[in-house]
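Peer 1: Sequence:
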Amino acid sequence: MMYVTRRTHFSAAHRLFNPTFTNEKNEAVFDKCNNPHGHGHNYTLDVTVKGIPDPETGYVIDLKKLRDIIEEHLIDKVDHKHLNFDVDFLQGIIPTAENICLCFWQILEPQITEGTLHCIKLFESENNFVEYFGEPVTIKRYDVSHSTVSIQTL
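Under the working numbering, the first residue of the sequence shown carries the number 1, and numbering increases by one thereafter.
Any given hint could be a false lead.
As the list claims (entries may be wrong) - The list that follows gives simulated cross-link-like pairs (lysine-lysine, PhoX-like), each with its CA atoms no further than 25 angstroms apart:
#1 Lys77 <-> Lys140
#2 Lys25 <-> Lys140
#3 Lys64 <-> Lys121
#4 Lys81 <-> Lys32
#5 Lys50 <-> Lys65
Hints were generated in silico from the structure; no laboratory data involved. This structure is a prediction, so every number in the text was calculated from the model and none was measured.
Make a model of the complete structure from these sequences and hints.
Peer 2: Set out below in structure tokens:
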């Protein structure tokens, strides 16, 4: 088994805010990340695919194809955006690095047809990152306009 990783970067703003919390609780839980106008990160995204190299090409996955998949399905949608407002697939989800990884996995996994998606690693900073390997996780999606909460297992 071999592991192939493509690294890319994007910049985005977000606000960590739970609409079911009071303002005081949001401030206590999310601290500076609860800034009403959001705050930004220069993210680094590593996408790792595992597999056996194709004997004809020597590739687990063609890195140009992987780059294009990541760009088309993720980066073009999140780069220089406010994740809470501008990104359809994150609507109603608290955009923590953990939840972003879950959503990225859901988008990328069906697009990768050479090898198997193994890991998504998202860096918010040099020292803070999340790794996700595709295990089912339950998250909440909030619909503030209708005061509803849906629970999804991704």
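Peer 1: Indicate, hint by hint, whether the structure satisfies it.
Peer 2: Going through the hints against the structure:
{"no.": "1", "hint": "Lys77 <-> Lys140", "verdict": "21 angstroms, holds"}
{"no.": "2", "hint": "Lys25 <-> Lys140", "verdict": "18 angstroms, holds"}
{"no.": "3", "hint": "Lys64 <-> Lys121", "verdict": "19 angstroms, holds"}
{"no.": "4", "hint": "Lys81 <-> Lys32", "verdict": "19 angstroms, holds"}
{"no.": "5", "hint": "Lys50 <-> Lys65", "verdict": "15 angstroms, holds"}
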